[in-house]
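4 protein chains.
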Amino acid sequence: MKKIEGLIAAPFAPLSAKDEVMYDFIPGYYEFLEKNKVVGVFINGSTGEGVSLSQAEKRKITEKWTSVGSVRKTMKVINLVGGTSYQECIESAIHSQENGVDAIAILAPYYFKPAGAKQLAEFCAKIAAAVPDMPVYFYHIPVLTGCNVSMLDFLQEASPIIPNLVGIKYTHEDFMDFLSCMSFENGRFDMLWGRDENLLSALVLGAKGGVGSTFNYAAPLYLQLIEAFDKGDLVEARRLQQLSIDMIRLLGKYGGIASGKAYMRYVEMNCGEFRLPVKNMTGEMYNEFVKDVKSLDMEHLFSKK
Amino acid sequence: MKKIEGLIAAPFAPLSAKDEVMYDFIPGYYEFLEKNKVVGVFINGSTGEGVSLSQAEKRKITEKWTSVGSVRKTMKVINLVGGTSYQECIESAIHSQENGVDAIAILAPYYFKPAGAKQLAEFCAKIAAAVPDMPVYFYHIPVLTGCNVSMLDFLQEASPIIPNLVGIKYTHEDFMDFLSCMSFENGRFDMLWGRDENLLSALVLGAKGGVGSTFNYAAPLYLQLIEAFDKGDLVEARRLQQLSIDMIRLLGKYGGIASGKAYMRYVEMNCGEFRLPVKNMTGEMYNEFVKDVKSLDMEHLFSKK
Amino acid sequence: MKKIEGLIAAPFAPLSAKDEVMYDFIPGYYEFLEKNKVVGVFINGSTGEGVSLSQAEKRKITEKWTSVGSVRKTMKVINLVGGTSYQECIESAIHSQENGVDAIAILAPYYFKPAGAKQLAEFCAKIAAAVPDMPVYFYHIPVLTGCNVSMLDFLQEASPIIPNLVGIKYTHEDFMDFLSCMSFENGRFDMLWGRDENLLSALVLGAKGGVGSTFNYAAPLYLQLIEAFDKGDLVEARRLQQLSIDMIRLLGKYGGIASGKAYMRYVEMNCGEFRLPVKNMTGEMYNEFVKDVKSLDMEHLFSKK
Amino acid sequence: MKKIEGLIAAPFAPLSAKDEVMYDFIPGYYEFLEKNKVVGVFINGSTGEGVSLSQAEKRKITEKWTSVGSVRKTMKVINLVGGTSYQECIESAIHSQENGVDAIAILAPYYFKPAGAKQLAEFCAKIAAAVPDMPVYFYHIPVLTGCNVSMLDFLQEASPIIPNLVGIKYTHEDFMDFLSCMSFENGRFDMLWGRDENLLSALVLGAKGGVGSTFNYAAPLYLQLIEAFDKGDLVEARRLQQLSIDMIRLLGKYGGIASGKAYMRYVEMNCGEFRLPVKNMTGEMYNEFVKDVKSLDMEHLFSKK
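Protein chains in written order, with UniProt numbering: chain A, 1 to 305; chain B, 1 to 305; chain C, 1 to 305; chain D, 1 to 305.
In case anyone wonders, no lab produced these hints; they're calculated from the structure. On a predicted model such as this, the values are computed, not experimentally measured, just so you know. It is possible that part of the hints are untrue.
Derived pair list, reagent style SDA-like, types lysine to any residue, alpha-carbon separation capped at 25 Å [claimed, not checked]:
hint, chain 1, residue 1, chain 2, residue 2
1, B, K304, B, L276
2, B, K253, B, A228
3, A, K279, B, S159
4, D, K18, D, R59
5, C, K126, D, G256
6, C, K118, B, I245
Computed list of chain A residues with no C-beta within reach of chain D, every gap over 10 Å [what the hints assert, rightly or not]:
hint, residue
7, L276
8, M281
9, F302
Stretch-level coverage of chain D by chain A, calculated; a stretch enters the list once three of its residues show a Cβ under 8 Å from a Cβ in chain A [stated by the list, open to error]:
hint, region
10, 167-180
11, 202-211
12, 235-246
Think of the CB as a built atom: it goes at the ideal place given N, C-alpha and C, for glycine as much as any other residue.
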């Protein structure tokens, strides 16, 4: 699989007021992202509430994204099959392969934390071995998994035993580790940056692609940021990164990850709220939120229907 | 449901060398615990590797324990139905009810951490409401879930909205919070202590029962400890608690939770090793471990076949 | 030095509205504690804001407590000489000796954290060796120092190289470690419990004395608790421990450590506010606080002038 | 004070085998840094073991650096006056001013952690107000102080009440917060980057200067890195940053901060070992270390006498 360049969005799970997955929302969602020049989707991840969905729901979501994808073929579909039971991960991996997913991603188990890089690599190897022809990414997000193994250590253990490992979705602020992974084995691994708020600091280290939740609704902002960086216009790149930060700071102000869906509503792609145990903002808070978003004065940088 | 007095063991998942669940091990396991005066089993928990098993495996394990239990009726069966998807928890809860489980237990979701006691209570309420006639325990183990909500706060939120909540399995060192829960609403909740290494400090606060992994193989030790405490012989109670600590310290020395199964092998109830991502000791380490166990000089305090 | 039985208070630093130490407050403070049957003072500790005072101020405070103590002789004076520079600790230790302090206490350095028990013991040994005839306590409070060395490991390293080490003020919730220290070398170390809110759980392990901040203003509560425990009246002991918890919970509600001085004002021993960077409650909050204290209905359990 | 561009070294405290400060080492140290194009020194900081020195020692070290500096005038001298007692910080600040220090730096108090940005700003304001004509930097290093206040919040509180605040030495990986501080009040604050291992990711955000411990012995490496970045040669800049990481990884391998002095010995500026409680490497380890350093093949990038 070629390395991915550009923006990969991590889609939200579209949920109805009754907390049911709205599968029919997905085709329009695909076209919305495609129209805004997103090149891939990372489904059933953190933003996609994979852990809060049942295995059955995740399978149907996968089928929906790949069925649209197999027709339009404009975006790669990466499916997170991670969980704490490697057997259920294998089931999801096989299902992914059967349904034309382009690559799977595996997460560190997040209840029993692996004792070290070796155990983590062995856990991933079990799953990857079940789909030997499928490209595999590792999804590194220690703030949620509690697994603090360095990715350089992981690659050293995993490279010899997982032949289909192709890269890492790196959602952590350890740039020392990130650059080391970029340099590892002549840079053969595809390192996808996962912290939208400091994308610029990863671009300078050579990152070409990123997986992000804010790419769902502010793709133009990041495309312009990358363009400015590529042209060497750092003043503009910094200005845009600061705007991204101002936008992301509102997520924190209004309660965290659930606020991402408020942004989706703002760009008229309302996909409901987050499932429990995540806390959602109230209707009153949403009105405050909209005022704050408008005061950012960045309408032209949000994704458009 | 009456409050539970005495020892509740959290059984290990019996796994073969091929990493398959040995369901037929369970009837003998039941009799072993029963013979050593254990009064209940807490299945599919941390010790039972519930998170590392598939839903299908957990269901079969549940069926096996309840099928023996329905005949012998000497031990209560509590089934942990916790997970990160409340829908899958509900499926497990209903299956538990259909199979004669005495009570279910719910765990805090451990990927997205609840924002506070309110979200945690609401998450649990969704599951508890699906089995309104079933007694429900909350299983508090923040070191593994990363959910640091205090249990007093939880009870204040949960008591009004979960009518079938009966107690907490409390696996944490916050005695201030624990006593506060003991005192809450005239002590109506069944507070089961979950840290074997300091059971004595919980007994003095009024705890009558505990759920533990070391009760699997050292029940006589704890029964004598409780007896000494009840008689007011604190010197003896402390001596036995110190022995329990010495025994538990070997778990740490030999790598953690997986060493519990080494103790099971030691008492001739070999139930295999832990599943990935947990690290197991090597054969050589096991020999060292046995020497260390023998030097504790506490043969008469281990459970007997 | 004989092991200490009973309550050791950790006095507050009396500060004026101009943030100056009111040294003349100390003689009356001594008599207040003495009258309430406190048997010792642990000065310049966390409660005493030792780290926020200058070396010069701490020296004068020491002189004041020992000058009263040398006349009245009813309470032991233990002086915390801890800091991050062992040389300044040695200066304080020698000054303590010259001024008739009964014992010194040493804290883990809290900027560079010791790599392990060996480095911690060596750091303490440097200081203890400067006052070989002075009894030395180690003050374990990892929540503030960030030094998480277990005290059993520390004793194993320190016992052979610090001949004048006599015990530990143990301000942490690790009862497994605490009991192990109680058992170490036939129980020769004086283990002083430092968490007032769970004193009962330490008494059952054999603790005879404690060092606490709430002993400053609620000594009768704890004396009754100890008496009830000694008589085997656990129902009463639990009731009193729960009252202590209710009282301590108000510290948290009103902002933490600084609220201790609000309790002092409440018992008419007003010793001002905490120095920066600690946050104090506003006057309005104090009025709310007083209402809350009164609703605890425990007037007879507070210390009396 | 003009913003600082270039490398500011944080000098080590030169200590003899008897653990005494070798003040006479300092003039040669000054010339060594100067020769390697370092533009400033940040003394008595973490690398300089300020917290492990006595106030008297720190004062003499300050006097020595400024006495050389007042003659040679090639490097700025910034003195860390931080501590947990604001009064002792004030004493150091006044002493700094009297001795011609160019700027002082203040650290968050690291025993009692400030409740928030307001308390932190007020603590700093007390010290800064004592030397109103002296430029003041805040030194942000939460991994050691345990104070996790965001610097954007700090600047919002501090800007109105500390007129002589000029910038921040930022030793933390929060690039979102760092860029926000760069953008704050039209970029009027001097943001000095403090993590050598990811300097490149800060340069792209607009950082012009850095304070580092590895600038003591590898200044040419970083000067070349900055030059490559300024020319737009990112491939070369990344290669050099990776070399810096490889060099810094050896610090971790050989025990942490103390290994910095092993590098100093390697470049023939032996300034002894670290003081307790820091752990030093053994002689045997040093030999291993030298082999590892040589295998980095970067002799030309180390500082030269």
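Numbered hints the structure breaks, given as an ascending list: 1, 2
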